[in-house]
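Model the full assembly from the supplied sequences, consistent with the hints where possible.
Each residue of the sequence shown is one higher than the one before, starting from 1 at the first, in the working numbering.
Check before you lean on any hint, since a few could be wrong.
As a list, the in silico DSS-like pairs of lysine-lysine whose alpha-carbon atoms are at most 25 Å apart [unchecked claim]: (1) K27 - K45; (2) K68 - K27; (3) K84 - K289; (4) K400 - K419; (5) K421 - K408; (6) K27 - K64; (7) K400 - K421; (8) K45 - K81; (9) K69 - K55; (10) K289 - K419; (11) K408 - K346; (12) K27 - K79; (13) K27 - K421; (14) K81 - K346; (15) K408 - K27; (16) K84 - K64; (17) K408 - K289; (18) K45 - K69.
The set of hints was computed from the structure by calculation and includes no laboratory data.
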Amino acid sequence: PIGAAMRGHGITHSRFACELQMDMAAKELGLDPVEIRLKNAIEVKPGEVYQTVNKVTVRSCGIKEALKKIAEHPLWRDKDKRPKREGNIHWGVGISATTYLSGARQRGHQSCAALVRICEDGTVNLITGATDAGQGSDTVLSMIVAEELGIPLEMVDIKRVDSAYTPVDPGTYGSRVTVLAGQATQLAARDAKRQLLAALARYWEISPEDIEIRNGVAFCKTDATKVMPFKQLARLACYSGPGSVIIGRGHSTYGLEPLDFETGIGDGGTAYSFTAQAARVGVDVETGKIIVTDFVIAHDCGTPLNPTLVEAQNEGGAVQGLGQTLYEEFVMQEGRTLNPTFLDYKMPRSTDVPNIEVIHIPTYDPNGPYGAKEASEGSIVSTPPAIVNAIYDAIGVWIKDLPATPEKVMRALESQREKIKKNPKYKSQ
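In structure tokens, the structure reads:
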């Protein structure tokens, strides 16, 4: 089949294997799945830096807090109080703890720039090469401009991406837009504000440090009589000199040491998010069908700039992860795809989506605007192992390759029964 990058590409597989091994180790050692993860989780205090054996640099990490939130949640806390069997349905709850990079870097240029133009009518144009592919980045970048300039969000107009005039940007991939394009946007807005305050300071004959802009109004902090609406300030600044144009410029780059792609030594991104997730599933031991009723996702995305978008991104990632775990599979024969349409290539429907609760785990990462990290791909990585660990909790068999179709479940159960017949003392590994 034709292949291309998608959400969480290349990372879901390795995290899936690691998290299944983590539960297997917990079972072998007689430890609770949360306990074994807490024992091995790193902790980074504000201002400190943690570096892994392969030189990955972590400046913020909320994984311990995320695991504790999951452990305290009724879905996990009360799992042994609920019935484990209801007719043919066996119930289980699983957990996972994963990480994802923010601002994935690849070979080629990694520079990112933005422009913020103040128009004479008081509107503000954000000109960026970062494309909103549905993740809500236009909203977040506009919020950053509004926050820096002290104006309402509706006064910011983000311009469509056009390589003829938008600044350079490496692309929308690897959870890099908020972190890197956000930094460039923040710097551009600050540069534009500096020019605005300089023009107003000349007009009022005061220092720029004595001026503040809040809620669309500029005012002097030491003289209550000096007040000016932002629209008037924009007009003043644009007309304050011959052909004055107020354009703020911002630029960001990774600033990282070279990454060795052969050895894996070095940083793959500027920051790392962390996710703990619990899932509750029911397995029909007569048909192998799996139903997922609940997800709880505790996500460390640094500072959630827009909590609603963060929740939506986590929900979207979890549903895509649900599809990867239970439904989506290319069936190939002699180089031909046997299920090329949605009649045969299965995906989750709205009726398959479980209850999803997202818990914010705020941290602060110095490499992101206002401390923000990625929020769009972490949950697709944590969902498959949480579901499969829940399947094991329900029926005592491991599904080690995805998707976990009813056929694979029935084969695993049959294999388990055969081993038990041969050796009654057999314990599923």
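Okay, the hints, checked on the actual structure:
no. : hint        : in the structure
1   : K27 - K45   : 31 Å, violated
2   : K68 - K27   : 20 Å, holds
3   : K84 - K289  : 16 Å, holds
4   : K400 - K419 : 18 Å, holds
5   : K421 - K408 : 20 Å, holds
6   : K27 - K64   : 20 Å, holds
7   : K400 - K421 : 23 Å, holds
8   : K45 - K81   : 36 Å, violated
9   : K69 - K55   : 29 Å, violated
10  : K289 - K419 : 22 Å, holds
11  : K408 - K346 : 16 Å, holds
12  : K27 - K79   : 17 Å, holds
13  : K27 - K421  : 22 Å, holds
14  : K81 - K346  : 34 Å, violated
15  : K408 - K27  : 22 Å, holds
16  : K84 - K64   : 28 Å, violated
17  : K408 - K289 : 10 Å, holds
18  : K45 - K69   : 18 Å, holds
This entry does not satisfy hints 1, 8, 9, 14, 16, going by the numbered hints stated previously.
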